[in-house]
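Peer 1: Kindly generate the complete structure, drawing on both the sequences and the hints.
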Amino acid sequence: MRTSGYSTRSRRGFVRAGLVATALLAGPCARDALASTRRISDDAERRIDLSRIPRRVFPAGAPAAVFVYCLAPDQLVGWPRALRADEAALLLPEVADLPELGRLTGRGSTAKLEGVLALGTDLVVDVGSIAPTYASLADQVQAQTGVPYLLFDGRFEHTTRTLQRLGAALGAERRAEVLATGVQSILDEMAELRAGLAADDRPRVLFARGPTGLATAAAGGLNAEVFDVVGAVNVAQTGAPNLSLISLEQVVDWQPDWIVASDAAFFSQLTRHPVWSSLPAVRAGRAVLAPRLPFGWFDAPPALNRFVGVVWLAAVLHPARIRYPLAERLVATFEWLYHRRPTQAQIDSLLAQTRLPR
Amino acid sequence: MGVRAIRLSWGALTVSLVVLLAVAMLSALGVGQYPLTLPQVLQMLVSPLADGPRDAGDLPRTVLWQIRLPRVCASVAVGAALAASGVALQSVFRNPLAAPDLLGVSAGAALGAVLGIFLGWNIVTIQAAAFAGGLAAVVVVHAVGTVLPLHDRTLSLVLAGIAIGSMLGALIALVKTVADPYSQLPAITFWLLGSFASITPTDLALLLGFGVVGIVPLALMRWRADALALSDDEIHAIGLRLPVMRAALIAGATLATSASVAAAGIIGWVGLVVPHAARMLVGASFSRVLPVSMLMGALLMLLIDTLGRSIAQSEVPPGVLTALVGAPVLFALMLRRREVPV
Amino acid sequence: MSGPSQTRERLRTQELLRTRELVFGYAGRGLTSPIDLVLHRGEIIVVLGPNGSGKSTLFRTLLGVLPPLHGRVEWSGRELSGLSARELAMQVAWVPQQPGAAFDFTVEQYVMLGRLGRLAAGASPGSADREAVAQVIARLGIERFRERTLSRMSGGERQLAAIARALAQQAATLVLDEPTASLDFGNQGRVLDTLCGLSGEGLGIVYATHDPNHALRAGNRALVYLPGGRTDFGPVADMVVPERLSSVYGVEVEAAYTAGGRVVLSLAAAAVPVR
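Residue numbers (my numbering), protein chains in the order written: chain A, 49 to 406; chain B, 1294 to 1635; chain C, 1109 to 1383.
FYI, nobody ran anything at the bench for these hints, they're computed from the structure.
In this text the structure is predicted, and so the values were computed from the model without any measurement.
Take the hints with a grain of salt, since some may be wrong.
Chain B residues, not near chain A, derived (Cβ > 10 Å throughout) [stated by the list, open to error]:
| id | residue |
| --- | --- |
| 1 | Ala-1315 |
| 2 | Leu-1319 |
| 3 | Val-1417 |
| 4 | Leu-1443 |
| 5 | Leu-1452 |
| 6 | Leu-1486 |
| 7 | Leu-1501 |
| 8 | Val-1506 |
| 9 | Arg-1534 |
| 10 | Leu-1535 |
| 11 | Ala-1570 |
| 12 | Pro-1610 |
| 13 | Val-1618 |
| 14 | Arg-1629 |
Quick list of the computed label-pair ranges, beta carbon to beta carbon [claimed, not checked]:
| id | chain 1 | residue 1 | chain 2 | residue 2 | range |
| --- | --- | --- | --- | --- | --- |
| 15 | A | Gly-287 | B | Gly-1462 | 26 to 36 Å |
| 16 | B | Arg-1534 | C | Glu-1239 | 25 to 35 Å |
| 17 | A | Pro-373 | B | Pro-1328 | 41 to 51 Å |
Listed next, the stretches of chain B that the computed footprint assigns to chain C, with coverage defined by at least 3 CB atoms under 8 Å from CB atoms of chain C [to be verified]:
| id | stretch |
| --- | --- |
| 18 | 1386-1396 |
| 19 | 1513-1519 |
| 20 | 1572-1582 |
Cβ atoms here follow ideal geometry from the backbone N, Cα and C, with glycine treated the same way.
Peer 2: If you want it as structure tokens, here you go:
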């Protein structure tokens, strides 16, 4: 007796194919379903329920943008400030092109809350201070927009933990592990370096910020954390919480071994200035300009990008103890962090700008 | 009885102020982070030329000649310039509450500097932009104030100054919004607060040059400026040309103030309070108030800068200290002031 | 006539101020009909008119602050518009209605202001200036106020200081806007007598007053403002009479005679009897 146009065997094949197809399709959905209503806890002890992997993540400020880019670049919706051409040249082109959003927090907000909604944001991420001010801002934005808002600690020593927590929220746990392992190995390397340094081997460094070079980051402050990691001593022991203004006289009194500048215009006239040029550090060529591509290597913004600065400054300050070739190490670091391998020429030109002209 | 007691002999007061200023400057040269004793300072001042080529490692000499002496002289010059501007503008506006930035010079200079920081210019260009900005602001205010069809010319100048000053302030706020919060905004904030920390000998030379040029018209007009206290018709009837006098005083005050702001940032209250105090000591005549104000302003600024660089490990901006000191002093002075019929 | 008396005659009749068909006002609107007046050396012209009739505006026009709408103003035969500020200051000095200054000068400093028009740029007042100031202060009898500041003086004392300042200018004519307005009875008389004395010394004087009796005490000629914007100029004896004054002020004015034979003008009986 004939039941249909299909033979039993082919019908079974269809059913098998259908089951496999369903299983394949259901996999990601199942994973999402398994990941449904995850309870994420941020560093301000706020508990947020995320129902699925956030595909469109809004960075509240520059540090958050760096973290999200490094962890999950295809989940980023934009940048606080549109990237310049020289910055974009070192990043993934399609992500670098994303639009400018403005800052949602920290030092004045310029982003529009409606913009958050208009972009179909799934999650707002902020990395930086977890003081009650910013925690309450997070609650406020979340209440107004209905979009979950996570706030993480931006301090150097918490980098690994922030990576892991943020990675979990973004559904990028594997990538977070890769980054955390790399960060930890750099920190271990630096700890070993510091252990081998005698007290008077530690170079005394002045962080000369700003167009006059006299706005420094005080020892113990957020902007100068890199120095402590690389075994340097920050001469600016002014007791200020972070940034403070010093005088030329203090610089002369401190007689730093090294000067790290942040402003290119200031750096270019260092050898012509009547006072700065008389410092032994400048005369011996021990003055460097901290690069800022694609993100500041030291503190602008204070986020994951600082690890590039750690790798570089350690090699600059301790050439005898550092065994890695700097240029190659930087290429590798850039690729590992920023998903894009720079050319040798790009790294060489970056390094060339850091030195005083002969 | 009361009249004689307040009016000290003008000559004696001026001489004692000069002596006091000289002593204060010498003492200030002995203050600072770098350990320099006063005998060392005196010895280096007396023998300015080192034997042989100047050793770049000769730190005491560098600290004294390149850092401390320019700084002390600059604070003296800025104090004198701001006080003189205050006297001139109070004369032009017939109001003892006029201050040097009434016509927008500080706002214009600030905008110039803030733009320079935002665009990444070097410090010399930033200072030039500040100077030019201050002059440009007053030129615009003067032009607008002259065109406004108000019967009272001084009122129209004041209104133009307020309006344009606010606009410039708004533009500064706009730049602060778009500036990078990690690299540019701190520099902008520090510049606006003011500082003598980075004065070089070149800065001092420019400050003195422009300051002197600005003070010259004030000095030339020190007797005739008194007539500005009368009504417009009376000044005309005495045979003086009011528009010319007003323009000369405003131009001189603006040059002096612009140079000060370009060198040291925005420092308020000196131009407002010092002429007040001087008038209480030597009477209302411009010819006396001007030199006494300049000396008192120089002393005040020197004291404030010396305090600002020695009371804490980091610098306390002079603008902050002048405001903290100036406001209470002004209230105290005004409580003792009598009403003058206009 | 002999030489000196001819000179005296010429001096006495020297014209200090003349207006020809002068029309003055603001924004193209004349406040009165054209005015022709003449002031000679040693003469006093009194300007009489109701409040708001434009006495101050006339003075501003005479001083060159306001341009005339029609006609000319001539000082010592020279047209006003052709005079420089300094030349005009030598012709006429101005005493405003309520003198004051934005800053609290001493009387000596205040009177010195009158000399400032003569100073070159950067020059200080010299001994000639200081002597002129001292003389003028003595002339007006205010030596005891020399070091006193304006804020500590009464209105009348300040008025005298303002007159001293105008005198220190050493101009040929004095123009005063209601110099007696805020003075007490005694001081009014003193100021008027001072004006008489000054005109006796050869100064030309023009002043405005709200009290016609002042014109009788110190005045040779009068300029009166009549209703409808008309004016009249002539000897005081002709102008300051009850009939004319009634139309000037719009009230009944009557004349009375004192025991000494002097004329006193006063308002007639009130329209509504006082209970």
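Peer 1: Which of the listed hints are broken here?
Peer 2: When the structure is compared with the hints, numbers 3, 6 and 12 turn out to be violated.
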